[in-house]
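Chains as they are written, first to last, in full-length UniProt numbering: chain C, 1 to 620; chain P, 1 to 489.
Any given hint could turn out to be false.
Unchecked claim - Below, computed lysine-lysine pairings styled on BS3-like, alpha-carbon distance capped at 25 Å:
id, chain 1, residue 1, chain 2, residue 2
1, P, K309, C, K280
2, P, K309, C, K58
3, P, K447, P, K459
4, P, K290, P, K360
5, P, K309, P, K374
6, C, K567, C, K544
7, C, K356, C, K317
8, C, K493, C, K591
9, P, K290, C, K58
Think of the hints as simulated: they come from the structure by calculation, not from any bench.
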Amino acid sequence: MSNPKFKYAPISVFLFPFYNLACGILLCTDGDDSLYPIAVLIDELRNEDVQLRLNSIKKLSTIALALGVERTRTELLPFLTDTIYDEDEVLLALAEQLGNFTMLVGGPEYVHCLLPPLESLATVEETVVRDKAVESLRKISQEHSPVDLEVHFEPLVKRLASGDWFTSRTSACGLFSVCYPRVSSTVKAEIRQHFRTLCSDDTPMVRRAAASKLGEFAKVLELDYVKSDIISLFTALASDEQDSVRLLAVEACVSIATLLPQEDLETLVMPTLRQAAEDKSWRVRYMVADKFSELQKAVGPEITKNDLVPAFQNLLKDCEAEVRAAAANKVKEFCENLPEDSRETIIMTHILPCVKELVSDTNQHVKSALASVIMGLSTILGKDNTVEHLLPLFLAQLKDECPEVRLNIISNLDCVNEVIGIRQLSQSLLPAIVELAEDAKWRVRLAIIEYMPLLAGQLGVEFFDEKLNTLCMAWLIDHVYAIREAATCNLMKLVEKFGAEWAQNTIVPKVLGMANDPNYLHRMTTLFCINSLSEACGQEITTKQMLPVVLKMSNDQVANVRFNVAKSLQKIGPVLDSSALQTEVKPVLEKLATDTDMDVKYFAQEAISGEFSSINVLTE
Amino acid sequence: MREWSSGYSRQQWSAPGEVSGRATRRGETGESRRQEETDPAMQASQMDEEIDTRKINNSFLRDHNYATEADIISTVEFNPTGELLATGDKGGRVVVFQREQESKNQPHRRGEYNVYSTFQSHEPEFDYLKSLEIEEKINKIRWLPQQNAAYFLLSTNDKTVKLWKISERDKRPEGYNLKDEDGRIRDPSTITALRVPVLQPMDLMVEATPRRVFSNAHTYHINSISVNSDYETYMSTDDLRINLWNLEITNRSFNIVDIKPANMEELTEVITAAEFHPHQCNTFVYSSSKGTMRLCDMRASALCDNHSKFFEEPEDPSNRSFFSEIISSISDVKFSHSGRYLMTRDYLTVKVWDLNMESKPLETYQVHDYLRSKLCSLYENDCIFDKFECVWNGSDSVIMTGSYNNFFRMFDRNTKRDVTLEASRENSKPRAVLKPRKVCVGGKRRKDEISVDSLDFSKKILHTAWHPSENIIAVAATNNLYIFQDKVN
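Produce the complete structure using the sequences and hints provided.
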């Protein structure tokens with residue numbers, strides 16, 4: 001026990017209890033050392049500090065390992081079963097741990113011992129804990145033998161399914177599908193019956209849980225039962241009085257439709273789907289719009305052509321903006337997945353007219369949702385159609401009053417570039433970019449800066465030099481720091497794209513010119529630019545052009561500039577050759593290290609130790 | 001109409017925190033002891049002449065009221081089964097009462113409620129950005145449908161809604177490895193075997209834990225909260241906006257109604273109360289200071305600025321006066337349990353509306369019409385702005401609402417009979433039957449009638465609650481909570 005700290009540190013991460021019990025440890029001369037950390041862990045299970053309890057629960061496997069399988073089953077698990085009063089995060093950790101506990105209770109033979117604690121966790125009010133308990137139950141259900149599944153697991157599912165409180169019944173909904181495939185046909189019938197009962201439960205909570213698991217349950221059922229049982233449940237849930245239940249049936253619709261043979265879809269699924277697409281509640285219609293691509297894939301090309309196209313048109317014209325926005329988001333995906341033979345006709349005659357209306361929608365969310373996907377249509381429609389039909393829409397959106405719409409168009413320029421080349425757009429693009437670049441909201445300016453490298457790549461170096469270069473330089477003296485910072489970063493990306501030579505001719509002189517600016521913030525921007533550009537520009541430009549400017553700024557009267565000089569020198573050090581470092585950088589840093597300002601001193605010393613240690617490494 | 005008795009003397013409850021900052025149950029003995037503590041001189045003086053006693057009593061009550069502003073009950077609410085009753089007060093506390101289990105030996109004790117849990121729900125705060133004090137007063141309490149062995153309620157002050165869990169614990173773990181049961185640290189050398197804690201039964205402990213805090217969504221004062229029948233959402237209403245929350249998500253809410261005009265100088269009305277339909281999860285109603293109600297359908301649109309129904313009674317031009325607008329402001333709106341009717345309370349009346357008839361109320365009941373001639377003085381002492389609430393009985397056949405002078409009123413919708421009862425210490429003797437009270441309107445006062453001029457306007461009954469299925473009522477009279485039940489035969 002000469003060094004207890006060292007001895008226990010690898011085993012336990014808890015400093016706190018050791019601190020409390022320091023005297024106890026020091027006095028300890030013999031006794032079973034290995035038990036001590038475990039004893040601490042067990043006691044921590046009920047510490048008043050939540051964090052300690054949580055840590056202890058996360059080490060539950062260590063405790064179980066020390067106790068052995070027998071005591072884990074007979075003592076630890078009964079204790080944990082009743083520990084449901086704890087904080088959510090502790091319960092969550094416990095529920096998760098128990099999912100990986102099979103070996104610690106003695107292997108698959110004894111896995112059913114884990115059911116009681118998980119059962120009590122599956123009834124707590126906190127959804128995340130319940131869900132985790134259900135997840136763990138699903139996991140360990142696979143480790144049950146078929147016999148154990150019927151003797152232990154299935155009764156638990158039944159108990160939960162017929163529990164007094166809806167929390168337990170909602171948990172049951174997630175467990176049917178894992179035990180169904182592995183039980184006898186009598187038990188299967190019971191399970192189906194239980195599921196049916198829960199689908200018509202009194203509380204909407206349970207009906208919602210059942211509706212959300214309907215698809216999953218349908219997948220494990222025999223096809224005959226899907227047709228006889230699931231369809232009727234699906235129809236009932238899809239016409240539930242609560243729209244919160246109906247909208248979940250839409251999700252189930254996708255998985256059910258994939259299970260059924262094509263010829264049954266029309267009679268069994270489509271009536272419900274049509275009804276959902278025209279539901280009185282916008283939330284249900286929203287769900288249909290949101291799941292439209294999945295639905296489209298599930299029902300296949302024929303039904304898509306006949307049914308989904310008109311439904312989609314309606315959703316695009318819906319009276320509720322939320323629905324229109326959700327549908328607008330799906331325009332590209334929907335068009336992409338249309339059957340190839342009739343794709344163009346459908347888009348041109350049915351979809352495009354609706355899209356045209358959305359361009360001048362009253363709601364900006366709808367317009368910006370559309371703007372984020374509309375460019376994608378050009379690849380589907382090809383050059384001629386794009387020029388004739390889509391281009392006017394792009395141009396209209398580029399002039400939209402809402403910056404988000406314009407940004408979304410600009411951010412997707414690459415799609416159009418591939419099809420018609422960006423020149424077609426550039427005349428309208430430029431005013432839009434300029435306007436965004438000068439927007440009063442700095443977040444809008446920030447967004448457009450982030451698209452600049454992309455735009456530069458699309459538009460080419462000449463166009464950039466001619467039209468956009470001034471903008472990029474103007475951002476360097478923006479009054480918002482975040483913009484200046486982003487502008488610096490933007491320059492670096494541009495140099496990476498256009499090369500060092502371009503940088504030397506267009507950017508570097510302007511950046512270095514700012515070193516003489518009367519505003520110290522602008523002088524600092526010069527330093528920040530040098531920091532990020534030096535690597536991209538290479539040794540020659542850095543040594544010949546940038547370094548003299550930096551060194552000269554070490555005499556700046558503002559301390560902030562001086563200590564940023566020290567930082568810059570450290571930053572560009574790796575790019576410089578060693579002679580420049582020794583003859584030019586070192587004297588300046590040494591001078592700064594004797595500065596009157598303590599921050600300047602500090603950063604100068606940092607730079608000296610940083611640079612010269614790295615040089616040493618290099619020379620060695 | 002039934003007779004109401006206080007059933008059993010100990011059914012009368014003091015407000016929480018009256019004596020020592022926590023709820024105290026005040027029986028006959030408790031009460032006299034308290035009086036001794038508070039004012040020994042008073043007891044002595046009670047021996048004196050009646051007039052003197054009254055004087056001292058009054059002064060005592062005044063002082064008492066002054067000293068216990070925080071104890072004034074600001075909301076009363078039964079849970080969906082009626083097993084629990086919660087009160088909130090101006091001091092930010094919530095007291096939950098639990099109904100005593102019925103026992104065969106003492107059948108007359110049915111309906112007795114005992115303190116179950118007391119906790120501080122809200123604390124006074126200060127909004128530094130707006131330089132505004134935020135009172136801790138509990139404006140509303142709403143119970144959630146029961147989902148497991150614990151109970152859940154929402155409580156709100158002007159700005160923040162909180163979800164509380166009230167749960168029981170009757171076991172505690174015993175057995176430490178590193179210390180003895182009395183807390184002494186064991187010599188680690190003696191630890192030769194591991195002990196797993198064992199849960200042992202202990203005295204029942206009721207805990208209230210805050211589960212969620214829904215804040216930063218209201219610029220104005222929250223006047224209502226209402227839980228949706230989908231068990232998933234609730235709404236909170238302030239003077240100008242209604243927000244919809246998911247009970248599990250605290251960092252996001254949806255604004256569904258916003259009546260704030262672009263220019264606040266054009267403001268002509270405010271929202272006074274709002275409630276969800278008891279069964280249809282998409283329907284809710286909100287009332288306004290102009291005496292109107294709007295029914296909204298959340299299915300139609302995400303923003304419910306456009307109502308689907310608009311309930312308004314045409315104004316009677318002959319009754320028009322300076323006070324018309326003030327007294328027509330709706331102070332409370334409640335759906336009937338069946339969901340078919342709406343009840344609204346304005347300053348002088350209670351009205352029952354049929355959801356299918358927007359043009360006028362089905363029934364109108366005068367609560368205290370004798371005050372119509374007193375509006376001027378009620379305006380001067382601000383009483384005209386009092387917000388009385390109203391409640392339905394379990395079968396929607398009787399409605400109850402409060403008045404002044406510790407009076408509360410009941411109206412039987414079938415027989416059209418009404419009664420005025422008084423909640424006061426003097427007449428709630430053990431199992432006493434409450435005598436109907438009468439306010440005299442004419443010049444000549446009969447015996448046991450009270451003249452309008454002698455009504456005490458500081459004793460107002462604003463908050464009442466009716467057990468969801470039985471004839472048990474809870475009446476909050478300033479800092480006292482009275483529980484009455486219909487007479488046991």
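Outcome of the hint check:
1. P:K309 - C:K280: It holds: about 17 Å lies between the C-alpha atoms, which stays within 25 Å.
2. P:K309 - C:K58: violated, 55 Å
3. P:K447 - P:K459: holds, 22 Å
4. P:K290 - P:K360: holds, 15 Å
5. P:K309 - P:K374: violated, 34 Å
6. C:K567 - C:K544: Satisfied, since the Cα-Cα distance of roughly 19 Å is no more than 25 Å.
7. C:K356 - C:K317: Satisfied, since the Cα-Cα distance of roughly 11 Å is no more than 25 Å.
8. C:K493 - C:K591: violated, 34 Å
9. P:K290 - C:K58: violated, 59 Å
Hint compliance for this structure: hints 2, 5, 8, 9 are broken, all remaining hints hold.
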